[in-house]
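Trainee: Chain by chain, the residues:
Protein chains: 2
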Amino acid sequence: MSTKSSATSAETSNEELEQILAMAHTAVRPWGSLRPGARADVLDKVAAALDAAAEQLIPLAAEETHLAPGRLAGELKRSTFQLRLFGQTLRDGGYLDARIDHADPHWPMGAPRPDLRRSYRPIGPVLVFAASNFPFAFSVAGGDTASALAAGNPVVLKAHPGHHQLSERTAEIMLAALQEAGAPEGVFALISGVEAGKEALKDPRIKASSFTGSIPGGRALMDIAVSRPEPIPFYGELGSNNPVFITPAAAAARGNAIVEEFISSFTLGAGQFCTKPGTIFVPTGSGIVEQLRAAVLPDAVKLLHDRIQSGFVGRLQELSSHERMEVLVQGPDPLGDPPSPTLLYTTAEHVLAAPRELEAECFGPAAVVIEYDDLAQLVPLAKTFEGQLTATIHGEDSDPVAGLVEVLAEKAGRVLWNQWPTGVSVTYAQQHGGPYPATTSPHTTSVGTAAIERFLRPVAYQGFPQHLLPEELQDANPLRAPRMVNGQR
Amino acid sequence: MSTKSSATSAETSNEELEQILAMAHTAVRPWGSLRPGARADVLDKVAAALDAAAEQLIPLAAEETHLAPGRLAGELKRSTFQLRLFGQTLRDGGYLDARIDHADPHWPMGAPRPDLRRSYRPIGPVLVFAASNFPFAFSVAGGDTASALAAGNPVVLKAHPGHHQLSERTAEIMLAALQEAGAPEGVFALISGVEAGKEALKDPRIKASSFTGSIPGGRALMDIAVSRPEPIPFYGELGSNNPVFITPAAAAARGNAIVEEFISSFTLGAGQFCTKPGTIFVPTGSGIVEQLRAAVLPDAVKLLHDRIQSGFVGRLQELSSHERMEVLVQGPDPLGDPPSPTLLYTTAEHVLAAPRELEAECFGPAAVVIEYDDLAQLVPLAKTFEGQLTATIHGEDSDPVAGLVEVLAEKAGRVLWNQWPTGVSVTYAQQHGGPYPATTSPHTTSVGTAAIERFLRPVAYQGFPQHLLPEELQDANPLRAPRMVNGQR
Chain A
16 MSTKSSATSA ETSNEELEQI LAMAHTAVRP WGSLRPGARA DVLDKVAAAL DAAAEQLIPL
76 AAEETHLAPG RLAGELKRST FQLRLFGQTL RDGGYLDARI DHADPHWPMG APRPDLRRSY
136 RPIGPVLVFA ASNFPFAFSV AGGDTASALA AGNPVVLKAH PGHHQLSERT AEIMLAALQE
196 AGAPEGVFAL ISGVEAGKEA LKDPRIKASS FTGSIPGGRA LMDIAVSRPE PIPFYGELGS
256 NNPVFITPAA AAARGNAIVE EFISSFTLGA GQFCTKPGTI FVPTGSGIVE QLRAAVLPDA
316 VKLLHDRIQS GFVGRLQELS SHERMEVLVQ GPDPLGDPPS PTLLYTTAEH VLAAPRELEA
376 ECFGPAAVVI EYDDLAQLVP LAKTFEGQLT ATIHGEDSDP VAGLVEVLAE KAGRVLWNQW
436 PTGVSVTYAQ QHGGPYPATT SPHTTSVGTA AIERFLRPVA YQGFPQHLLP EELQDANPLR
496 APRMVNGQR
Chain B
16 MSTKSSATSA ETSNEELEQI LAMAHTAVRP WGSLRPGARA DVLDKVAAAL DAAAEQLIPL
76 AAEETHLAPG RLAGELKRST FQLRLFGQTL RDGGYLDARI DHADPHWPMG APRPDLRRSY
136 RPIGPVLVFA ASNFPFAFSV AGGDTASALA AGNPVVLKAH PGHHQLSERT AEIMLAALQE
196 AGAPEGVFAL ISGVEAGKEA LKDPRIKASS FTGSIPGGRA LMDIAVSRPE PIPFYGELGS
256 NNPVFITPAA AAARGNAIVE EFISSFTLGA GQFCTKPGTI FVPTGSGIVE QLRAAVLPDA
316 VKLLHDRIQS GFVGRLQELS SHERMEVLVQ GPDPLGDPPS PTLLYTTAEH VLAAPRELEA
376 ECFGPAAVVI EYDDLAQLVP LAKTFEGQLT ATIHGEDSDP VAGLVEVLAE KAGRVLWNQW
436 PTGVSVTYAQ QHGGPYPATT SPHTTSVGTA AIERFLRPVA YQGFPQHLLP EELQDANPLR
496 APRMVNGQR
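Protein chains in written order, with the working numbering: chain A, 16 to 504; chain B, 16 to 504.
Source of the hints: derived by calculation from the structure; they are not laboratory data. By construction, the Cβ of each residue, glycine as well, lies at the ideal position given by its N, Cα and C atoms. It is possible that some hints are incorrect.
If you want the footprint, here are the derived chain A segments under chain B, 3+ residues with CB under 8 Å [to be verified]:
| hint | segment |
| --- | --- |
| 1 | 84 to 94 |
| 2 | 107 to 119 |
| 3 | 178 to 192 |
| 4 | 333 to 339 |
| 5 | 449 to 458 |
| 6 | 472 to 480 |
Below, a list of computed lysine-lysine pairs in the BS3-like style, where the Cα atoms sit at most 30 Å apart [unchecked claim]:
| hint | chain 1 | residue 1 | chain 2 | residue 2 |
| --- | --- | --- | --- | --- |
| 7 | A | K398 | B | K92 |
| 8 | B | K92 | B | K317 |
| 9 | B | K60 | B | K92 |
| 10 | B | K60 | A | K217 |
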């Protein structure tokens, strides 16, 4: 069965979409009013079902995406861990940000303070657009689905056509596990097709949407989301160049390791990571340029699908034919299918002269090496970048880089020191997001437990009797949620 | 000096705007890198300077807005309290949401966890559009300015022409206090004129914007904000009907008090509160309709400015001439200037048949009384509303209204029990916001300490040495900020 015929046969019809949206709407109340711990139990069961199906899912994913089975197994494990970590977030209850102000007749504002109690509740049905490059972790059962479900929202998942069979099989397993765990019907559904995705995004029953993909694709969807009669939050993770800055001291201390690790990082997953280091600044005279020029780059690996292949080739041709750019090193068939990895070369002066052109994202196995003369150039160079998911410094503790760190924190959601941006751990303190065009919502993350915040909205209850309050706001606090009471935590 | 000539003379020119934006950009680093407690000290000094100027400011405000001096004095007190409460928020440090994950080689995701530390930092220069109806609390030194400055951002304040002299004088006092307190130049500036506001909103140096005003005005500005090459968060607080639901039991127990309090609430400030109860549902046979029909409404009071006057008259004409609407009671000159208060009347059946028309916001001293037959009608009636800032129930503890509370929490940011929505206390648990069109960002509040979150963005630091971390993420925690460490609070 070819991927193509399968994708074509599966486009969601208008009638199917209407039914799915109606069911999602119906599921709002029963899913959202489940206790957080009960939702956590359901997420755990979904995770267990997916883990148990690894032997079916991984070969399917490998066939459709050309990604290596080992990498895919790790990604599935990451995804089921993610579901369980959101379960833990629910049981902890801190995500509710519960706040209680007792009535205070002497509140210094000048008027008595009423009894006010505020916490977060589900925002409503969420439309998730799956990514192509992580068929598990940013797809059907990925981070957006996990965080939106955890927050108490039904999810309508627009499948990526690049791994359609995997998407359908993953959804079947999820649906069976959800039903088995007693989740309400309609809490999750898969849709397919560009038109179905757009129609769903316009539907008033959808209350938030998330997306991982290209800048033009994400911006077009964002424009739909914010142009609706009722505009909705749109959390798009789009493009990033992920610059890396090597200080002269780091180059002197660890030049060989940096060269080797950089080559691994920019070619990981054939360069199809949104955190791929697309630019590396290296000091003149450190020998790194020469080492890279002499390096043997990894073999060519087939890209995820035809659109990524043609996009990569087009962008690489543009970049490598730029008058300010040279080819530093590349494998035998840099524009072939599969494409051999490429490193381009330019200088700090050129980047300062034409930053937008030379810093354009090239999604695939290519990166740009930029030679600079003096540590003091790095701040002005860093300032040339648009918003980023990550920015990295390789330095020594004695390097005077506080100013550079500050500029990078203005530009990027995650700043790294002596590590590499590929690999985004799912943790409590992770931040995967950044100023536009890294994302459309610089104040949020799509990885880590804080990702749940995207799919919640606050409500305050004023003067309410105990029995009509959400449990986390009742005096007895049966959920034992952490709370702020009268401004004290 | 007439208001008009003063407003005309003060339109910010392109050259002035360029200088203001350049200065705001320059102030980003020095203001944002001040310790939170130092910024709190500055806010305290601004508050003290405004309090000390009350005798100048209140007469100016009264002249320009027609609001009573007593109300204005209370509003100024609220505003300076607000500045101090954000100062307290800064000293507490919880707003930083500091999270530390120590490196963990056995992290169950399947790959070692790096050392990750995440906290919030200022988003960048904020453009605040002042409201007309609260010349202190939602204007030059109001909640948006206070929360954006507290978050560490320079503020460019677009003055409302309805109280231009007051705006200029308030800004002068603030600027003097900021300078005296050692705040960097450029941290605050006032601009005037519709075009200057739009140009500022389009400028790439502005990184977020907030607005309080009408639905069409707010939506037009939001469209600019999200259409920029780099779209930015736009926090608009627009319109709300603020429905009130009186149960039969409450009507029986406290009908007289409800009638009296409702009349006070909908005519407070001549009905020019975004939380004015615009609709009240009363049970048939309770006598409330008859009591309201016989009520003597308060005297006519001049509205804030000509645009509000003409908007009120137009909307009231539309509503009262609707075939499903009757006039219940009104003063001698309901369409005059000043306009006498009006109560309109219709029934539940009519509202179910034409909700959008009958629930349209009428900004000024008017409200609609809707008679219903049975408590069970309230849920379907509540469902007819768009997003709201508030929704209110007057009931008895034994009323079966859990379902109604749930629908109202889906619709509104604040739900009240046996109180009235006018009066929005500045507290830790306040929520002033709601689904569109109440606001353009259902996940935020513009009143209360959580309002600071709108003007922050998260950054994670991976693998960093102590001396390059923000203080709240250093092991020593010199700010003593509350933190989540390895998932534990």
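Trainee: Work down the list of hints and note, for each, if the structure agrees.
Mentor: Consistency of the hints with the structure:
no., hint, verdict
1, 84 to 94, "holds (count 3)"
2, 107 to 119, "holds (count 6)"
3, 178 to 192, "violated (count 0)"
4, 333 to 339, "violated (count 0)"
5, 449 to 458, "holds (count 7)"
6, 472 to 480, "holds (count 9)"
7, A:K398 x B:K92, "violated (42 Å)"
8, B:K92 x B:K317, "holds (23 Å)"
9, B:K60 x B:K92, "holds (14 Å)"
10, B:K60 x A:K217, "violated (48 Å)"
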